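S.K.: Residue numbers for the sequence shown, in the numbering used here: 31 to 193.
Don't read these hints as lab results, they were simulated from the structure.
Keep in mind it's a predicted model, so treat the numbers as computed, not measured.
Please note that the accuracy of each hint is not assured.
To be verified - Label-pair distances were calculated between CB atoms; the ranges are:
| # | residue 1 | residue 2 | range |
| --- | --- | --- | --- |
| 1 | S65 | E168 | 31 to 41 Å |
| 2 | V179 | K54 | 36 to 46 Å |
| 3 | S142 | S83 | 35 to 45 Å |
| 4 | E75 | K150 | 26 to 36 Å |
| 5 | P55 | D182 | 28 to 38 Å |
To be verified - Calculated cross-link-like contacts (lysine-lysine; reagent style DSSO-like; alpha-carbon spacing at most 27 Å):
| # | residue 1 | residue 2 |
| --- | --- | --- |
| 6 | K77 | K54 |
| 7 | K54 | K188 |
| 8 | K54 | K158 |
| 9 | K105 | K54 |
| 10 | K77 | K150 |
| 11 | K188 | K105 |
Glycine residues also receive a C-beta, built at the ideal position from the N, C-alpha and C atoms.
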Amino acid sequence: MMKRILILAALASVLALSACSAPKPEPVSITLDMSEYAFDPASIEVKVGQEVSLELVNNGQLPHEVMFGREVMRKDNRPAGYREDMFAIGGATPEVIALQGELADEEEEEHSGFVVALQKTGDRALIKFTVTQAMVGEWEIGCFEQDGVHYDAGMVGKFIVAP
């Protein structure tokens, strides 16, 4: 009889704990406008487990790109991408879809890590991914076009991942 009570108590505990687990956050769709020399919005906040659809739009006259990372690397004393790539560290492989225009060939880019480059005014792309626990924290969004001139001119934003 005591054994049954212990089994029932253990089962009730498991059910209670599973009921307390946080529900999966709602998917989010965000448009990130790129222009000379800014991202709008300049700060994006998401949560672990959230499915993100991030539409990139080049509203500028120049080519623009987006990278997500930490610790800016330098090449010839110019900003040249991030030492820590958010997607590599987060274990996520984003899906990238060209919506209008062509995406730059990744092999043409001078940076290591995940990058999406839009070459012309009006070019649009969609990045889709699910936020992982390993992404928690504050990341930087940056454009390193023209050998880092865009970055130095202030084309930097924040990508904040909450638990």
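S.K.: Checking each numbered hint in turn, tell me which of them this model violates, lowest number first.
M.R.: The structure breaks hints 1, 3, 9, 10; every other hint is satisfied.
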